[in-house]
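Whenever a hint applies, use it, and build me the whole structure from the sequences.
There are 2 protein chains.
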Amino acid sequence: MTRKTIDHVAALAGVSIKTVSRVLNDEPSVRADTRRRVREAMAALNYQPSLPARSLAGRRSNQLGLVYENPSANYVYAVQSGAIARCRESGLRLLIQACGGDGEQRIGEILAMVAQTHVDGLVVTPPLSADSQLVEALRRRGLPFVLIAPEGAGEGAPAVMMDDRAAAREMTEHLLGLGHRRIGFVAGHPGHSSSRLREQGWRAALAAAGLDAEAAPREQGFNTAPSGREAAHRLLERPDRPTAIFAGNDDMAAGVILAAHECGVAVPSELSVAGFDDTELAGIVWPTLTTVHQPVYDMAHRATGLLIDLVRGVQVPPVTWVGHDLKKRASTARAAT
Amino acid sequence: MTRKTIDHVAALAGVSIKTVSRVLNDEPSVRADTRRRVREAMAALNYQPSLPARSLAGRRSNQLGLVYENPSANYVYAVQSGAIARCRESGLRLLIQACGGDGEQRIGEILAMVAQTHVDGLVVTPPLSADSQLVEALRRRGLPFVLIAPEGAGEGAPAVMMDDRAAAREMTEHLLGLGHRRIGFVAGHPGHSSSRLREQGWRAALAAAGLDAEAAPREQGFNTAPSGREAAHRLLERPDRPTAIFAGNDDMAAGVILAAHECGVAVPSELSVAGFDDTELAGIVWPTLTTVHQPVYDMAHRATGLLIDLVRGVQVPPVTWVGHDLKKRASTARAAT
DNA sequence: TTGTACGCGTTATCAA
DNA sequence: TTGATAACGCGTACAA
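Each protein sequence line maps, in turn, to chains A and B.
Per the numbering used here, the first sequence runs over residues 1 to 337.
Per the numbering used here, the second sequence runs over residues 1 to 337.
Each hint should be verified, as a subset may be incorrect.
Under 7 Å between C-beta atoms, here's a sample of chain A residues computed to sit facing chain B [unchecked claim]: (1) L51; (2) P52; (3) A53; (4) A73; (5) V76; (6) Y77; (7) I96; (8) A115; (9) Q116; (10) H118; (11) T224; (12) A225; (13) H261; (14) W286.
The hints are simulated quantities; they were obtained by calculation from the structure and are not laboratory data.
Think of the CB as a built atom: it goes at the ideal place given N, C-alpha and C, for glycine as much as any other residue.
The following block contains the structure:
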């Protein structure tokens, strides 16, 4: 139960604790032979360096933070997995902070966490990444941080983004290519910037195809399946019923499919349905969902990599774009003639 | 950027740092008046104590660990949320550790994490909680820990469990009560103890109803929607097609519904489908899924509470049972006559 | 290439 | 009820 310390290792290897410290931190100025002896001693004792001691003594804690607030389980899980994987590659720990509360309080909570834990930097996920006050507070604090999918382009802070607008446009073009002309849209939560961008992509594709983008059927949803279901009912009741509905995320698309079932409208023969995000759900609903793959894991992995660079003083580009991907599954088909 | 320390607070409050420390740790032997002055000084400076310093100096780190390995996104999210909430109530931090690798290596990883981070205790989730070698290693290490849903009854280690067997039996009885006699079962992953318990509950209910439990239609699944779909196809092809199918979890139940759609079997009029767990999915598929609510958030919350007691030297019961709940939704109905 | 002395910010010990 | 001082286990600065 009594902790093994750097002193034990030093004694066993016959060197000073400073040399052990050098080996621990992969500093170059250690003779290969000495390094080997120290390594062996560490292994023999099953030595594990104390993170608190390192945090306290050094100017780095070897810990990064990940903050999120209230998104979906799938999103959080994917983000965490990507960030954890990247941290592991570099021998760092990830501290996860779930935020509650409103603006001011939230910022205080995050700054308190930073101060208490000594984290070296922060990965900020949406919707927190769109909070310009938070961004400003972090900047003032002088803490390295990387934003995932911020509003606009992160206001100069390093950000990892996907092109929601272009992806939505591509999906709409896919539907147009299948012969659809009345393509309805279920918009996502108004508070999320991605909602606006996706809607813009849909409109842009319609306009480019010579359709009246302003008059196109559009209903408001809130990123949940029930809201998608209700929006779909409103769309399906219209005299000029759409032959395709594009929902701003997969949950809402699942709601659209549910509504179609309820109205006796066959998917995809009478109605094509498309989603966005490519969550687990897309492969589970029936028919399986055509959707846009958002590489959440990859985005988190990259954001964490950028943060590691930043902490080490390496310059990083202001915006890193990640690609997206159309997943064509069973919920879309050629428009009935 | 320069950190505020206990010295600053002590100076401002006109006391020694030890007194500030006492206030910080809610020790009783401080005059109310002194305590107030110290509190005010802390607030005025927006003082945040250094967790690494406390971990290093004290015999407690005020940090608990949560270890998981590879379960579903929804499960992880619910467990984390419950544990984080409980930690927050007691002013503790939660360190989350995702494990990879096989038995030996996994144990080493967890013990290394414990040694490095100085966590005061560990919440162990399934399937790790069923690893008796891990349990033994933690016991030897002398670290407080609580198991969630272990195999058997946790081998004497404190555990939080739900009665999978009784719940599955109740669900089967519900189906029997709806007039079903041919009730098929899709078993979950053979590696999970809950799979066996749920199957036992199903069989017990059939036997109690005077049916031949041994000959009842049963197919193997692996906790995924595709495996549920395939199992359902096999069940639906039988000459004595079941009028109800009970799947060992919601994902597989979603697969069953999908298969029914594919075979042109109407749910619930021609086939009732029941699931287990009450994940998000249950409210999203069509028809919405009748299922057993497993209180994952609550289990994690309680397990963390027990762990906090344990760390403080308070005795806790060896097993804490949590209740379950039948959620009757749209996927089950009276058997066709 | 290696080692010595000190400090990081807190808790523990013991004395007042 | 309060305080002085020594740990805790490591990195940093500087010297050898």
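Any hints this thing doesn't respect? Which numbers, in order?
11
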